[in-house]
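Asks: Residue-level listing of the chains:
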Amino acid sequence: MTRPTVMAWRVAAASATLLAALGCEELFGGVMEPAAFGNLFADNREEDVAKVVARLPAPAPATAPANRLGRPLVAGLRYGTPGVFVFDVSSGTMLWSKEMSVASRPVLTDRAVLVQSGTAVVSLRLEDGSEMWKIETEGMSFFGAAYDEKHVYLTLGVTVSHVGRLLAVNADSGWTSWKIQTTKLFGRPAAAGGLVFVPWERQDISVLDRETQEEIARVRSVDDVYNFVFARPQGVFYGSKGLYRFDAKSFHGTQQGATYYRPPMQGVPGDPELWADAFAEPTGGRNAREKIRFFVAPAFDPSGQSVTLEHDKLFLLYFRFLVAYDAASGAIQWVYRHPDDIEAVSVQSSGVFLVDSPGNLVRVAADTGLPDWRLPIGIDVAAATFDIAGFSPPAQPVGTVETMRVQLLQVILDQDNRLLPFRQYLIAKLAQLPEAEVTRDILDVYAQRTSPQALKDAARAALASRAEGAEHLIGALDTHTDYLMNTQAPPMGVVSQSLVAMQARAAVTGLVAHLLDPETPLEDLQEVAQALVELGDASLISTFESYLTLYHADSAFSQNPNALNVLADGLLKYGGDEERRFLDNLVASTYTLPALKAHIQKRYDEIEQARLAAEEAARLAAEAAAAGTVSAVQEVLPQTLSREQIGQTMTANASLIAPCVQAKMQRSPTLSQVRMVFRLSNAGQASDLSVLPSDDAEFTACLSEALSRIQFPRFLALSQRAQFTIDIATPEPPPGTAPGTPPPGPGTPPTPILPGTPIVPTGPVGPVAPPPPPPGVPGTGTTSVPVAPLPPPPPPPGVPGAGTVPVTPLPPPPPPPGVPGAGTVPVTPVAPPPPPPGVPGAGTVPVTPVAPPPPPPGVPGATGTGAGTPPTPPGTGTPPPPVANPDEYPDVLPPE
Amino acid sequence: MRLLSFGILIGLLATGPALAQGRRGGGGGGGRPAVDRAALEAAIEELKAPDMATVLGAITKLAEFADPRATAPLTRLLRAGPPDELTHAAIQALGAISDPESVDVLIEYTRHRRPRVRRLAVQSIAQIRDPRVNDKVNEALRNALRDSNDRVRGVAAIAIGEHGDRGAIDLLFLAFERNVPEAAVSIGKLGGVAEAERLAGFLGRRQLSEILPGFDEFLRRSDFPDDAKVNIIHKLEEIAGPDVKRFLTNFLASPPPGLSQKVREEAQRVVRIIPDAI
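Those protein sequences? They're chains A and B, same order as listed.
Residues 1 to 896 (the numbering used here) are what the first sequence spells out, left to right.
Residues 1 to 278 (the numbering used here) are what the second sequence spells out, left to right.
By construction, these hints were calculated from the structure, which means they are not laboratory data.
Errors might be hidden in some of the hints.
[As the list claims (entries may be wrong)] Reference listing, derived: stretches of chain A covered by chain B, where coverage requires no fewer than 3 residues with Cβ under 8 Å from a Cβ of chain B:
#: 1; segment: 191 to 199
#: 2; segment: 482 to 493
#: 3; segment: 545 to 551
Cβ atoms here follow ideal geometry from the backbone N, Cα and C, with glycine treated the same way.
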């Protein structure tokens, strides 16, 4: 063999070897060595990102559908008989519907619909559904696709084994131009400007050149996760719970450094993402994951330097409900209730479009939440995707805009069990509304027999935050637990605390009835007793004495004597010598419960300490006066601390309290207010803490411990009650800041506000007529009348011809036992509001956009209550003189 | 009759109908031996003793004496808020005395926080038969029927029937619907023909064992028409079964005085045609 021949054979062998190494599947492509997505690629490099940005097209509004037909289209999966369909929205006709097995949600490109069917990703021609090509998945899951004018970019993967494959497929022929496989899990990609954006491992986004397949930039999150990336005419966006714009700042890899928008809402049930999760395992049918998520559309920003949202709103889908939130404040703007499950949503400039399970296409007006356009698709739908940019049919609104209160109530009272977390969430929102009727609404939710326990618990917590509606709480006191009538008393613990906060002295009679009611749970009895001590006066002395007499030796209170302790404190507060002797007898009795004895004795010790402190202060003052010089101890102790002093002390020690509140907020994201009521000794030590919400022993213990470390100023009185309120508000964006600019810091929970601004007390100030003498103890019935349900609220002003959608009225509570001849008013249940009707021919009704609900009263603000009354004149046993400020109640015994 | 030991008295208090029969004719039955005054006064004095055992013993004696002169000191004791054992004993003693003067304090104790106390108070009130306090007693018993504790409801239901509170019939039916089976007994004691029909309406919807005591009361009443009794027997015939056979057999074995031949024969006929249980 000649030398050239040998050489030729060697070259041929080497070529064959090389070809074999590259793989024989495709002549013009092949599995690349993973230089892209490699561990050595430097991420977060400014110059790399700048190159990407330079290649991106300028932001533009989305004014027309992206598909080659130029028509607004909805592609979806059929429900029942598996298959795919494409529906032409403008003509209202089905382009095609094809029976086939499907294992993923459809992806609409400019010329096809992609779905995973069996073991392949299939491309179906947009015009008629005929198969263009298919790519075998080789056992992998199809996570999604992006496209440009040449290619479709598919990501496949195996989640459990962290295998990811990216393919660039010719959009027309289906030929694989290139593919990359790694040990990284890829999510759904995006494509723009000749680039392919590939999220992987929820941490990184690699940007590849579509021609060279080279990775030219990588953005890695330092303080967040990247669960999606998508490309729109408005730009390229990515994120998870917030939304980043891919721009020159993206190299920072931080929320602070990048162009970033984070929704201000917290505690949204399900903690939904802002966009579909690109790493979610695909399913070919209805999916609960898709029914609890946000829907947004980036707004067009010519500068390309911010993240703003279409309509300045985010839209939360929760099965059958759409909730619109203001993008800046997070305030709920409206709640839309749909009769059927919603399978897909698309936010467009002309409104919010949805497809429901029976296959109706509906548009909801973005500003009002009213449905204003409807088109039946004609088949049951399992999933859908939209390409309808620029589509704006004429509006024909149906229904009227209800008040926010009614909108929220309609959801809260909906008995769909899937909605329970959502209902709990909304009841907390309802409680933030200022209308007094909301208090009654929450009580009604609690009283409703069909309310699940979790909802009742949420109602209790919501009630604790109410500052309005005392009259409804007082009315609710007429309801007692009655086995035969199947009625339940309101949650007296929370109701009592709320009544104290509202200074509702008219509640005393009702509270006495619940004190005497054996059905009042022991854990609530203490609060009832405390409320009587706070709101009552000396006319309750006989009631307190009778109750203490009856139970001072009874095992009913052996495990928890707190209520008796509180009543004993009430006698010390309002009573005189005679009451002191009564308590002396209790202490002396061998039968008295030991804990009660110890409590009374402790109070006696405090009295004695106060007397000695007062004597000492008087002696020092006298010495200073006699010496005619300024005493070194110039401080003259006040009688009691003012609310300002208490507030200042608490604020100065906020660092002790804040960790407890923050931990509580982690457990209860909807927490909006904390009320602390405690006793201060004249030595400046706090004790006997009560906390609202009262359902978290860990929280109460943490606050107790923190409070015990705070040193308050000393004062002369025996002791005093103090109250302090912590309002928790979501942080307002700094003035002048538009949504989309970086927030002050990473997404940490807002710092609880501990200001020192006192709340002006509601209710009458000045002399208060004492309540009528209470009945004897125990077992005295009360006379009352049934509380009729309040009529539905009137329509809001400015909405002509509006009728209200009736809220199902609850049956009135029956009269408490002992009221002879009282019957109940039969209530005909009102059927829930009907689903939205078909497209009406009524024309549009002008609607006034519903203003966001005003912030609840007293926010921000805190109450530090200092209390003081002049002491009872000695020996008279008369009630204390009327007080100028009902908050000024000390615990001062008359001088011996 | 009143010279019963305290323990037996407790047992009788727990079985309403039997006790009611023994007490029909009002409180303070004739034939009660006179109480030794010195012993009474000594027991009353012992109520002030410092140790619980002595006080308890005094209460026991006063219950045995069942003398109304003990009402006021026992009431004072209760109003002083004694410990549990003394409370229970004093309430029961007042029941044994059955003095209408004790109604007010007993009514207060029907609203005590502990269900046992409420139940004892209801049982004691039920023993007081005096037209001067009937309205108060009836109201207290009706309120007790609404109690959250099933045993309190049960004794209240029985007591309502014992007291002849016909105005509570509808409440008794409501209680029966709400799973207070004792209400059937009082319905049978108080109801008329319409009420018997109404109770029969529960056949097939409620356990037969809950309904039969009510029918038993109807069948034993001398003021209840024979035709209506026969109608009850016919309704039971439709149900048939071993429980019905056993019920009618027992009824015939201890018939009420003056049972008419018509009713007797009808009951016997139904017993014959119901097969014995296999």
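Asks: Hints first: check each against the structure and report whether it holds.
Replies: For each hint, the structure was consulted:
1. For a cut-off of 8 Å, the count of residues in the segment 191 to 199 of chain A with a CB near a CB of chain B stands at 0, and the three-residue condition is violated.
2. With 5 residues having a Cβ less than 8 Å from any Cβ of chain B, the segment 482 to 493 of chain A passes the three-residue criterion, so the hint holds.
3. By the rule of at least three residues with a Cβ nearer than 8 Å to a Cβ of chain B, the coverage given for the segment 545 to 551 of chain A holds, with 4 such residues.
Checked against the numbered hints given earlier, this structure breaks only hint 1.
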